[in-house]
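**Student:** Sequence:
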Amino acid sequence: MKSRWLINLLLFVTVAILILVARYEPGIEKTQTQNVTPITADDVTQLRVERQLRDELILEKDKEGFWWIAREPRLPADSFQVRALTRLAEQTVVRSYPASELDLAQLELDPPRTSLMLNTTRIDFGGIDALESLRYLRIGDRVSLVPDLYLHLVEAGYTHFVRRKLLPQRARISSLSLPGQDIHQTESGWAVTPDSEIEADILKQFIEHWEDATAINVRETEPSAVGETVFIHLVGQTKPIELVVIAREPELVLARPAFGIEYRMGDLATRLLEPSTTNDTP
1 MKSRWLINLL
11 LFVTVAILIL
21 VARYEPGIEK
31 TQTQNVTPIT
41 ADDVTQLRVE
51 RQLRDELILE
61 KDKEGFWWIA
71 REPRLPADSF
81 QVRALTRLAE
91 QTVVRSYPAS
101 ELDLAQLELD
111 PPRTSLMLNT
121 TRIDFGGIDA
131 LESLRYLRIG
141 DRVSLVPDLY
151 LHLVEAGYTH
161 FVRRKLLPQR
171 ARISSLSLPG
181 QDIHQTESGW
191 AVTPDSEIEA
201 DILKQFIEHW
211 EDATAINVRE
221 TEPSAVGETV
231 FIHLVGQTKP
241 IELVVIAREP
251 ELVLARPAFG
261 IEYRMGDLAT
271 RLLEPSTTND
281 TP
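In terms of my numbering, the sequence shown opens at residue 1 and continues consecutively.
Simulated from the structure, these hints should not be mistaken for laboratory data. Don't take every hint at face value.
As the list claims (entries may be wrong) - Below, a list of computed lysine-lysine pairs in the DSS-like style, where the Cα atoms sit at most 30 Å apart:
no., residue 1, residue 2
1, K63, K239
2, K239, K61
3, K165, K61
4, K204, K165
5, K165, K63
6, K204, K239
7, K239, K165
Said to hold, decoys possible - Computed beta-carbon distance windows for the label pairs:
no., residue 1, residue 2, range
8, E222, A200, 32 to 40 Å
9, R170, E101, 33 to 41 Å
10, Q106, N217, 18 to 26 Å
11, E56, A225, 40 to 48 Å
12, K239, A105, 47 to 55 Å
13, P240, G140, 44 to 52 Å
14, F80, S196, 35 to 43 Å
15, A200, Q46, 44 to 52 Å
16, S188, E220, 37 to 45 Å
17, I39, E242, 34 to 42 Å
18, P111, I58, 16 to 24 Å
19, R170, G266, 20 to 28 Å
20, A247, A84, 26 to 34 Å
21, A247, T33, 47 to 55 Å
Being a predicted model, the structure only gives us computed values, none of them experimental. All residues carry an ideal CB built from backbone N, CA and C; glycine is no exception.
Using the sequences plus the hints, can you model the full thing?
**Tutor:** Put into structure tokens, the structure is as follows:
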């Protein structure tokens with residue numbers, strides 16, 4: 001009985017030693033995790049993209065933390081799309097090599113396919129590693145391999161980064177001029193001109209649809225685009241936002257002439273252009 005107890009004890013000690021060996025691997029030095037840059041995504045305040053087939057793209061973060069596309073006119077940027085690109089700053093590197101030991105031309109790094117500046121750090125994009133589908137990046141005197149998650153972003157047009165929400169952050173509508181009718185606030189709530197039997201609560205919900213309206217995507221518009229006009233007056237703003245209804249079917253398309261862009265809104269023509277006579281809250 002005693003010998004069996006000793007055998008079990010020895011087995012327990014042996015298993016414990018094996019677990020410690022497997023966990024700590026004595027004699028093997030752990031590789032320190034390396035990121036593309038020493039900064040975090042939140043540290044990035046400017047992005048500058050230089051590419052061969054498109055114009056230079058510059059994105060800048062203001063003091064309130066909002067991103068803007070630096071062009072004429074300046075356009076509000078979509079923070080989600082910008083964040084997808086700034087994450088490159090803290091992307092984990094799979095492997096890296098001294099640039100002096102590599103054929104940079106063969107890796108499409110001399111010249112690079114495109115270049116990205118994160119603040120003052122330049123990142124050159126090269127080709128793909130055929131075995132693991134990793135992207136070659138040159139940062140300073142080193143070439144790194146990272147997951148191929150960013151090239152499609154740096155090669156995208158500026159409209160890819162335009163904010164899809166029609167109105168500014170926290171904006172509130174004071175009045176709305178639609179084709180054939182105006183909606184405005186009174187002491188007793190929202191009202192419509194010409195007079196209608198639509199209830200004030202339904203008009204309030206209709207205004208909220210506009211305040212939350214978000215496009216499926218954004219693209220450049222033709223300077224000569226014509227159609228019915230929508231004017232959105234915002235609280236605290238003297239100049240209204242002008243939108244042009246380019247199409248209602250098969251989807252609603254709204255142009256914003258001042259920005260030179262148009263919003264594809266999907267099947268929201270009825271929801272945004274014609275107040276319902278009934279409350280559509282679930």
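**Student:** Out of the numbered hints, which ones does the structure contradict?
**Tutor:** Violated: hints 9, 10 and 11.
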